[in-house]
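Enquirer: Each chain, letter by letter, is given below.
There are 2 protein chains.
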Amino acid sequence: MSRLVIVGTVAFDAIETPFGKTDKILGGAATYIGLATSYFHVDAALVSVVGSDFPQEYLDLLKSRNLDISALEVIENGKTFFWSGLYQNDLNSRITRETQLNVLADFKPQVPSEYRDAEILVLGNLHPGIQLEVIQQMSVKPELIILDTMNFWMEHTWYQLIEVIAQVDVITINDEEARQLTKEYSLVEAARKIQEMGPRFVVIKKGEHGALLFHKEQIFFAPALPLKEVFDPTGAGDTFAGGFAGYLAKSEKYTFENMKNAVIYGSNLASFCVEKFGTERMQTLTSKEVQQRLYQFKNLTQFEIELT
Amino acid sequence: MSRLVIVGTVAFDAIETPFGKTDKILGGAATYIGLATSYFHVDAALVSVVGSDFPQEYLDLLKSRNLDISALEVIENGKTFFWSGLYQNDLNSRITRETQLNVLADFKPQVPSEYRDAEILVLGNLHPGIQLEVIQQMSVKPELIILDTMNFWMEHTWYQLIEVIAQVDVITINDEEARQLTKEYSLVEAARKIQEMGPRFVVIKKGEHGALLFHKEQIFFAPALPLKEVFDPTGAGDTFAGGFAGYLAKSEKYTFENMKNAVIYGSNLASFCVEKFGTERMQTLTSKEVQQRLYQFKNLTQFEIELT
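Keeping their order, the protein sequence lines are chains V and L.
One point on numbering: in numbering that gives the first Met the number 0, the residue at position 47 of the first sequence is 46, and numbering is uninterrupted.
One point on numbering: in numbering that gives the first Met the number 0, the residue at position 161 of the second sequence is 160, and numbering is uninterrupted.
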């Protein structure tokens, strides 16, 4: 079992979808990644920051999932990072109503000393400067560094982002961002260019259209499970990354063949995440449910044609 | 080996894409469907109409692929159906510049007498009134009727379209059209409603995002092969339908399990169609190329996770 370090936001989210709205609820990239990895009963530490307005109940929840939160700093009299967003109609695009950086503005990550030689480092969506700092704090180069990022950092911190990308093994990025990063419309071409920038493995997330894994000339595709209803897409990409990382940590094989399974597990967990608001569905997820859905993924994609 | 009757347009297309433009070239739904079925060396008759401006060379091409064109009527002094269209940037949406119905306006289909008991009837995109007439001309109810249609007929001939839909076994339709037909955004819900309208099998085509096959509570998904470059999407949907129908005609099993393979073959052939203008790529397609791509489809989608 590999150990994981997860850096990213731990946040309050206020979400509105066509199906309803929430007050401030638990959110953040590191939260979703952590909850997803915890499904695999692996040993993971969260590196993040919150304010003293962050409820003990949420801290207890993270601890109850066996996440090490000793490096989840609580800033006295500080306010937790807050994001508020709206999804309209098709849920494919979201509008950010408000972002308050709060304690994140001055965040200095501190990887716990007993995790500085962890095998897997997951850089959740966050300022690339912080992601770089975490890489530098590792005493042993991790066997696998996984990066998730977004267009915001391409627009505001291009050079630091390129520096992070050069140092990671796997990048997960959505289709529009892959195009923006490479100026290539074809995702095949985009993935090729991104590999030249550093990562040996490129995962392009296409939301309801699934995810593609690229490595050299090889491609694997995992569909999203067709659902009757997507309730709230918040955290789906982070949950995908967490499922991906958690499966790899559990199975300890960082090959293309095994990453196929990791992509399926990422899609599997993400398909639950979107069924309820925020982290709600992930909190009640059982192993039996995940196994049943794995069976659905098999039925959805596996076929028997004789090759001649 | 089942026999096929294919009804649809045989046409001139003038196409412009970001990669170039063509004069009037061979096109039409029945043409693409016919060329795709011919890959399987099945016995198929085209039912359609052209004008005397239609070159002998194109007729010879269809004949050379063993397509029975005795019911491809040539109207003396008539002009062949003409469509002109433009694809911009992302190739996902197309603009129709011109449509000339010409000889299609008065088309009276005549299924050849020796094909009136064919096992498979493919109703390519065309006026639903003509599709109904062809169904009625069959002396024996076909074992499988496959319908392809589009939004134009929903907007202009709703009641006739509903009547056709009620009589078919399989419908192939794109995602936006499925939503328009059912007023359901969720494709799972849309497919359920379409099944209630008649077809036991519903194929929803999502272009570069693949195709979904629905039957009762079962779902199968075939991705589109990720290509470096899509040159011209014209005819991809028809080629998909032709590959689907041709595979079923060859294998003679109209089960959900076998339709999974048919969907893969449809996606396989469509992935070639888009590589060149019009029917160009389909004319040179070899069995070896298709088998190689089948291998790529397997690599793209098949994974090995133990179910526990």
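Treat the hints with care, as some may be off.
Identical chains share a label here; the pair holds if one copy fits it or two copies do between them.
Derived lysine to any residue pairs resembling SDA-like cross-links, with alpha carbons at most 25 angstroms apart [unchecked claim]:
#1 Lys297 / Gly206
#2 Lys287 / Asn298
#3 Lys215 / Tyr184
#4 Lys297 / Met149
#5 Lys252 / Pro108
#6 Lys192 / Ser51
#7 Lys227 / Thr181
#8 Lys227 / Glu279
#9 Lys227 / Gln295
#10 Lys215 / Glu256
#11 Lys205 / Lys297
#12 Lys182 / Ser92
#13 Lys215 / Glu183
#14 Lys249 / Arg191
#15 Lys182 / Gln55
#16 Lys20 / Phe255
#17 Lys78 / Phe151
#18 Lys107 / Pro54
#19 Lys20 / Asn91
#20 Lys275 / Gln135
#21 Lys62 / Leu284
#22 Lys78 / Asn88
#23 Lys140 / Glu256
#24 Lys182 / Glu207
#25 Lys215 / Phe230
#26 Lys215 / Asp42
#27 Lys275 / Tyr184
Simulated from the structure, these hints should not be mistaken for lab results.
Enquirer: Work down the list of hints and note, for each, if the structure agrees.
Expert: Quick rundown of the hints versus the structure:
For the homomeric pair Lys297 and Gly206, the shortest alpha-carbon distances inside one copy (19 angstroms) and between copies (22 angstroms) are both at most 25 angstroms. Taking CA atoms no more than 25 angstroms apart as the test, Lys287 paired with Asn298 passes inside one copy only; the shortest distance there is 17 angstroms, against 28 angstroms between copies. Proximity of Lys215 to Tyr184 under the C-alpha cut-off of 25 angstroms is restricted to the intra-copy arrangement: shortest distance 19 angstroms within a copy versus 37 angstroms between copies. With identical chains, the CA atoms of Lys297 and Met149 are never at most 25 angstroms apart, being 30 angstroms at best within one copy and 31 angstroms at best between copies.
Proximity of Lys252 and Pro108 under a CA criterion of 25 angstroms is satisfied in neither setting, with 28 angstroms inside one chain copy and 61 angstroms between copies. Proximity of Lys192 and Ser51 under a CA criterion of 25 angstroms is satisfied in neither setting, with 43 angstroms inside one chain copy and 51 angstroms between copies. Taking the closest pair of Cα atoms, Lys227 and Thr181 come within 25 angstroms of each other only across two copies (14 angstroms); inside a single copy the shortest separation is 34 angstroms, beyond that limit. For the identical chains of this complex, Lys227 and Glu279 are intra-copy neighbours only, at 18 angstroms inside a copy versus 40 angstroms across copies, given an alpha-carbon limit of 25 angstroms.
For the homomeric pair Lys227 and Gln295, the shortest alpha-carbon distance inside one copy (14 angstroms) is at most 25 angstroms, but the shortest distance between copies (30 angstroms) is not. Only within a single protomer do Lys215 and Glu256 lie at most 25 angstroms apart by alpha-carbon distance; the minimum there is 13 angstroms, versus 33 angstroms between protomers. Proximity of Lys205 and Lys297 under a CA criterion of 25 angstroms is satisfied in both settings, with 19 angstroms inside one chain copy and 20 angstroms between copies. In the homo-oligomer, the alpha carbons of Lys182 and Ser92 lie at most 25 angstroms apart both inside one protomer (21 angstroms) and across protomers (20 angstroms), since each shortest distance falls under that limit.
Proximity of Lys215 to Glu183 under the C-alpha cut-off of 25 angstroms is restricted to the intra-copy arrangement: shortest distance 17 angstroms within a copy versus 40 angstroms between copies. Neither within a single protomer nor between protomers do Lys249 and Arg191 lie at most 25 angstroms apart by alpha-carbon distance, with minima of 28 angstroms and 38 angstroms respectively. For the homomeric pair Lys182 and Gln55, neither the shortest alpha-carbon distance inside one copy (45 angstroms) nor that between copies (45 angstroms) is at most 25 angstroms. In this assembly of identical chains, the alpha carbons of Lys20 and Phe255 never lie at most 25 angstroms apart, being 40 angstroms within a copy and 40 angstroms across copies at closest.
With identical chains, the CA atoms of Lys78 and Phe151 are at most 25 angstroms apart within one copy only, with a shortest distance of 22 angstroms there and 55 angstroms across copies. For a Cα distance limit of 25 angstroms, the shortest separation of Lys107 from Pro54 inside one copy, 21 angstroms, qualifies, whereas the shortest one across copies, 74 angstroms, does not. In the homo-oligomer, the alpha carbons of Lys20 and Asn91 lie at most 25 angstroms apart inside one protomer (17 angstroms), although the nearest pairing across protomers, at 33 angstroms, exceeds that limit. Proximity of Lys275 to Gln135 under the C-alpha cut-off of 25 angstroms is found in neither arrangement, the shortest distances being 37 angstroms within a copy and 49 angstroms between copies.
For the identical chains of this complex, Lys62 and Leu284 are intra-copy neighbours only, at 16 angstroms inside a copy versus 59 angstroms across copies, given an alpha-carbon limit of 25 angstroms. Proximity of Lys78 and Asn88 under a CA criterion of 25 angstroms is satisfied in neither setting, with 32 angstroms inside one chain copy and 45 angstroms between copies. Taking identical chains as interchangeable, the C-alpha atoms of Lys140 and Glu256 lie at most 25 angstroms apart only when both belong to the same chain, with a minimum of 23 angstroms there against 47 angstroms between chains. Proximity of Lys182 to Glu207 under the C-alpha cut-off of 25 angstroms is found in both arrangements, the shortest distances being 23 angstroms within a copy and 19 angstroms between copies.
In this homomeric assembly, Lys215 and Phe230 come within 25 angstroms of each other (Cα to Cα) only across copies, at 23 angstroms, whereas the closest approach inside a single copy is 36 angstroms. In the homo-oligomer, the alpha carbons of Lys215 and Asp42 never lie at most 25 angstroms apart, since the shortest distance is 30 angstroms inside one protomer and 42 angstroms across protomers. Taking the closest pair of Cα atoms, Lys275 and Tyr184 come within 25 angstroms of each other only across two copies (18 angstroms); inside a single copy the shortest separation is 33 angstroms, beyond that limit.
Against the hints set out earlier in the document, violations occur for numbers 4, 5, 6, 14, 15, 16, 20, 22 and 26.
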